[in-house]
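**Q** One line per chain: the protein sequences are A and B, in this order. Sequential numbering from 1 applies to the first sequence in the working numbering. Sequential numbering from 1 applies to the second sequence in the working numbering.
Hints in this document: simulated from the structure, not taken from any laboratory. Check before you lean on any hint, since a few could be wrong.
Computed cross-link-like contacts, DSS-like style, restricted to lysine-lysine with a CA-CA straight-line distance of at most 27 Å [stated by the list, open to error]:
no.: 1; chain 1: A; residue 1: K312; chain 2: A; residue 2: K86
no.: 2; chain 1: B; residue 1: K19; chain 2: A; residue 2: K152
no.: 3; chain 1: B; residue 1: K265; chain 2: B; residue 2: K252
no.: 4; chain 1: B; residue 1: K253; chain 2: A; residue 2: K348
no.: 5; chain 1: A; residue 1: K27; chain 2: A; residue 2: K355
no.: 6; chain 1: A; residue 1: K329; chain 2: A; residue 2: K119
no.: 7; chain 1: A; residue 1: K284; chain 2: A; residue 2: K204
no.: 8; chain 1: A; residue 1: K152; chain 2: B; residue 2: K46
no.: 9; chain 1: A; residue 1: K348; chain 2: B; residue 2: K252
no.: 10; chain 1: B; residue 1: K175; chain 2: A; residue 2: K348
no.: 11; chain 1: A; residue 1: K39; chain 2: A; residue 2: K318
no.: 12; chain 1: B; residue 1: K195; chain 2: A; residue 2: K355
no.: 13; chain 1: A; residue 1: K285; chain 2: A; residue 2: K314
no.: 14; chain 1: B; residue 1: K175; chain 2: B; residue 2: K219
no.: 15; chain 1: A; residue 1: K312; chain 2: A; residue 2: K322
no.: 16; chain 1: A; residue 1: K357; chain 2: A; residue 2: K331
no.: 17; chain 1: A; residue 1: K86; chain 2: A; residue 2: K152
no.: 18; chain 1: A; residue 1: K39; chain 2: A; residue 2: K238
The model shown is predicted, which means the values in this text are computed figures rather than measured ones.
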Amino acid sequence: MKRTLENIENQFETFQILNEEGEIVNKDAMPDLSDEELKEIMRRMVYTRILDQRSIALNRQGRLGFYAPTAGQEASQLGSQFALEKEDFILPGYRDVPQLIWHGLPLAQAFLFSRGHFKGNQMPEGVNAVSPQIIIGAQITQAAGVGLGFKKRGEQAVAITYTGDGGASQGDFYEGLNFAGAFGAQAIFVVQNNRFAISVPVEKQSAATTIAQKSVAAGIEGIQVDGMDVLAVYAATKEARERAINGEGPTLIETLTYRYGPHTMAGDDPTRYRTDEEDSEWEKKDPIVRFRKFLEEKGLWSEEEENELIEKTKEEIKAAIKEADNTPKQKVTDLIEIMHEELPANLKEQMEEYKEKESK
Amino acid sequence: MAQMTMIQAITDAMRTELKNDENVLVFGEDVGQNGGVFRATEGLQKEFGEDRVFDTPLAESGIGGISIGLALTGFRPVPEIQFFGFVYEVMDAISGQMARYRYRSGGTRPMPITVRSPFGGGVHTPELHADSLEGLMAQQPGLRVVIPSNPYDAKGLLISSIRNNDPVIFLEHMKLYRSFREEVPEEEYTVDLDKAAIKREGTDVTLIAYGAMVHSSLKAAEELEKDGISAEVIDLRTVSPVDYETILESVKKTNRAVVVQEAQKQAGIAANIAAEIQEQAILHLEAPVLRVAAPDTVYAFTQAEEVWLPNHNTIVEKVNNVINF
Numbered sequence: 001m002k003r004t005l006e007n008i009e010n011q012f013e014t015f016q017i018l019n020e021e022g023e024i025v026n027k028d029a030m031p032d033l034s035d036e037e038l039k040e041i042m043r044r045m046v047y048t049r050i051l052d053q054r055s056i057a058l059n060r061q062g063r064l065g066f067y068a069p070t071a072g073q074e075a076s077q078l079g080s081q082f083a084l085e086k087e088d089f090i091l092p093g094y095r096d097v098p099q100l101i102w103h104g105l106p107l108a109q110a111f112l113f114s115r116g117h118f119k120g121n122q123m124p125e126g127v128n129a130v131s132p133q134i135i136i137g138a139q140i141t142q143a144a145g146v147g148l149g150f151k152k153r154g155e156q157a158v159a160i161t162y163t164g165d166g167g168a169s170q171g172d173f174y175e176g177l178n179f180a181g182a183f184g185a186q187a188i189f190v191v192q193n194n195r196f197a198i199s200v201p202v203e204k205q206s207a208a209t210t211i212a213q214k215s216v217a218a219g220i221e222g223i224q225v226d227g228m229d230v231l232a233v234y235a236a237t238k239e240a241r242e243r244a245i246n247g248e249g250p251t252l253i254e255t256l257t258y259r260y261g262p263h264t265m266a267g268d269d270p271t272r273y274r275t276d277e278e279d280s281e282w283e284k285k286d287p288i289v290r291f292r293k294f295l296e297e298k299g300l301w302s303e304e305e306e307n308e309l310i311e312k313t314k315e316e317i318k319a320a321i322k323e324a325d326n327t328p329k330q331k332v333t334d335l336i337e338i339m340h341e342e343l344p345a346n347l348k349e350q351m352e353e354y355k356e357k358e359s360k
Numbered sequence: 001m002a003q004m005t006m007i008q009a010i011t012d013a014m015r016t017e018l019k020n021d022e023n024v025l026v027f028g029e030d031v032g033q034n035g036g037v038f039r040a041t042e043g044l045q046k047e048f049g050e051d052r053v054f055d056t057p058l059a060e061s062g063i064g065g066i067s068i069g070l071a072l073t074g075f076r077p078v079p080e081i082q083f084f085g086f087v088y089e090v091m092d093a094i095s096g097q098m099a100r101y102r103y104r105s106g107g108t109r110p111m112p113i114t115v116r117s118p119f120g121g122g123v124h125t126p127e128l129h130a131d132s133l134e135g136l137m138a139q140q141p142g143l144r145v146v147i148p149s150n151p152y153d154a155k156g157l158l159i160s161s162i163r164n165n166d167p168v169i170f171l172e173h174m175k176l177y178r179s180f181r182e183e184v185p186e187e188e189y190t191v192d193l194d195k196a197a198i199k200r201e202g203t204d205v206t207l208i209a210y211g212a213m214v215h216s217s218l219k220a221a222e223e224l225e226k227d228g229i230s231a232e233v234i235d236l237r238t239v240s241p242v243d244y245e246t247i248l249e250s251v252k253k254t255n256r257a258v259v260v261q262e263a264q265k266q267a268g269i270a271a272n273i274a275a276e277i278q279e280q281a282i283l284h285l286e287a288p289v290l291r292v293a294a295p296d297t298v299y300a301f302t303q304a305e306e307v308w309l310p311n312h313n314t315i316v317e318k319v320n321n322v323i324n325f
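All chains should be built: construct the whole structure from the sequences, respecting the hints.
**A** See the structure below:
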């Protein structure tokens with residue numbers, strides 16, 4: 001019995017294209033991306049890092065609401081999103097706001113989501129996504145359903161969902177993978193294994209050596225990817241997408257990554273469960289640092305370009321915050337209005353009550 | 001017109017909507033090939049194909065989750081939870097997810113899902129098959145909870161539920177599935193959601209019930225008539241939201257009310273109705289509003305089931321209490 005497990009676990013090697021020094025170590029797997037596309041990936045990662053820094057600062061100033069820091073996870077988040085097409089459907093976890101932004105959610109709305117305004121959750125027409133899921137794992141079975149829906153409609157699109165290493169312990173994770181496999185749903189399940197579910201280390205989540213191997217029990221493809229390597233994440237997602245729309249079934253992608261910041265800005269203190277050594281060890285793997293080296297080596301990137309981008313990003317953030325500031329506060333009557341298609345009698349009464357209250 | 005049992009009427013409603021709307025999908029455990037453990041989906045897979053009527057893996061939360069995903073891609077899912085006692089496995093998908101999606105998405109993602117499920121006591125099932133858990137559902141804003149008491153309503157209410165653009169929990173009392181037949185039109189028709197029905201007119205007391213307890217209430221009303229007490233019987237049909245208009249109009253006429261539920265007494269539908277009646281009509285009342293309900297234990301094993309369940313005798317007793325108050 002033990003031998004079977006070892007055999008399975010040994011087959012899950014970490015897929016890497018770009019090493020920590022920014023060198024291509026897996027030439028055959030190098031995705032076919034133009035110079036402009038490579039630069040676009042870099043721009044998105046830098047933008048997202050700056051957005052994270054600004055979001056943390058805004059949160060500390062009391063100018064943002066719920067916020068889950070993203071620094072460290074840019075390659076996992078943006079490499080996978082970059083492999084998608086507009087018609088693909090994202091079911092994010094609460095840390096996956098960057099993917100939504102690059103899928104078409106305006107930044108001002110992302111801030112409204114953080115501030116707890118329903119307008120932050122309204123995807124613009126044609127943006128195929130739902131707002132971030134709060135219940136860990138609930139999005140996974142839903143992604144199986146979206147992927148099944150695409151299959152039934154014969155659409156060339158996939159559902160992609162994100163969770164973390166903790167999410168892979170939920171019942172819904174197993175049910176979602178299993179349903180997707182059984183139905184041949186056009187779905188991709190990304191587990192960003194950032195090593196901690198708030199404070200609990202991944203070693204305490206499961207006896208399994210990898211999360212990727214959990215695909216085996218569901219009878220679907222699984223791969224473990226260096227989640228700090230944007231090219232590897234992109235290539236793995238691209239391949240999973242192709243397989244899904246070709247009727248070859250869903251894929252589980254585990255990305256090995258790290259969040260530099262706290263779980264959320266609501267009082268989590270990572271020094272209670274992580275060491276400085278661990279932090280600095282992972283910072284050496286930084287996705288932006290290695291991709292910058294790679295691009296500079298190719299003559300595609302410069303410090304000036306990056307500084308210019310940073311300034312531009314800060315301006316965009318400022319403008320988006322201003323737009324969010326100018327959005328009228330959500331009212332209880334807005335909530336009553338959109339709960340149902342047609343107001344039931346009890347809510348009609350309560351609507352009048354709150355209209356009255358809010359008119360004062 | 002045809003004579004149909006409630007289960008036949010339910011099948012007929014699904015057949016009607018599968019025909020009417022290609023986005024309607026029917027699925028669940030044993031729902032496809034086998035036609036459902038109660039044969040509610042008998043023949044539907046054969047008629048509409050495996051793509052639209054299908055078996056799922058055995059996992060209720062997964063069934064709830066794919067229902068949501070299918071709704072996100074424009075389908076109108078009609079999943080079955082094999083027995084409603086299994087709903088605990090799918091509570092998040094129902095209460096945490098589908099009930100909230102329209103609001104959560106700023107009104108952009110409707111969830112036109114009808115979750116069908118058998119429940120109800122008196123048929124000697126194993127544990128967690130018969131429980132009346134409608135109160136759990138009714139506590140969740142964003143859900144409609146519908147419980148038919150007869151074949152005619154079952155068909156019309158199920159068609160209305162499937163056509164509704166918000167989630168509906170459609171609970172089918174197992175004891176009523178085959179207990180009687182009645183005339184049910186073969187053509188399509190709807191019965192309005194959120195509207196109670198007056199099943200029997202009366203002047204001395206209002207009995208408010210739903211599901212199998214409608215029949216116990218009607219039986220009680222017959223008994224009471226022998227003693228010269230005229231009971232009006234209201235069938236709620238939709239237990240969330242409750243049609244208070246019909247209830248209050250009746251209570252203002254009879255000045256007395258007994259609310260009947262098969263569920264345990266604590267924190268139930270009946271408690272809420274009693275509260276609303278006293279808030280809205282206390283000056284019309286000649287007696288306190290009483291409740292008929294099961295004791296506040298978990299559902300009884302089969303040997304104690306018959307005594308545990310409320311019946312027409314318990315109803316007669318409570319009515320006598322309000323009449324003689």
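**Q** Would the hint linking K312 of chain A and K86 of chain A be met if the CA-CA limit is 27 Å?
**A** 25 Å, holds
**Q** Is the Cα-Cα distance between K312 of chain A and K322 of chain A 27 Å or less?
**A** 15 Å, holds
**Q** Given the hint that K175 of chain B pairs with K348 of chain A, test it: the Cα-Cα distance must not exceed 27 Å.
**A** 35 Å, violated
**Q** Within a Cα-Cα threshold of 27 Å, do K253 of chain B and K348 of chain A meet the stated pairing?
**A** Distance ~25 Å between K253 of chain B and K348 of chain A Cα, so the pair holds.
**Q** Given the proposed pairing of K86 of chain A with K152 of chain A, does the C-alpha separation stay at or below 27 Å?
**A** Given pair K86 of chain A, K152 of chain A holds - Cα atoms ~19 Å apart, limit 27 Å.
**Q** Can the restraint linking K284 of chain A and K204 of chain A be considered satisfied, given a maximum Cα separation of 27 Å?
**A** 25 Å, holds
**Q** Starting from K175 of chain B, check that the Cα of K219 of chain B is at most 27 Å away, please.
**A** Measuring from Cα to Cα gives roughly 16 Å; hence the hint holds.
**Q** Sort out whether K152 of chain A lies within 27 Å of K19 of chain B, counting only the CA atoms.
**A** OK: K19 of chain B and K152 of chain A at ~17 Å, within 27 Å.
**Q** Compare the distance between the alpha carbons of K39 of chain A and K318 of chain A with 27 Å, and conclude whether the hinted pair is satisfied.
**A** The given pair, whose Cα atoms are some 24 Å apart, holds under the 27 Å limit.
**Q** Just to be careful, I want the Cα atoms of K265 of chain B and K252 of chain B compared with a cutoff of 27 Å; is the pair within it?
**A** Holds. K265 of chain B to K252 of chain B sits at ~24 Å (cutoff 27 Å).
**Q** Could you grab the alpha-carbon distance between K329 of chain A and K119 of chain A and see if it respects the 27 Å cut-off?
**A** Within the cut-off at roughly 10 Å; holds.
**Q** Does K285 of chain A pair with K314 of chain A here, judged by a C-alpha cut-off of 27 Å?
**A** 25 Å, holds
Of the numbered hints listed earlier, those contradicted by the structure are 5, 10.
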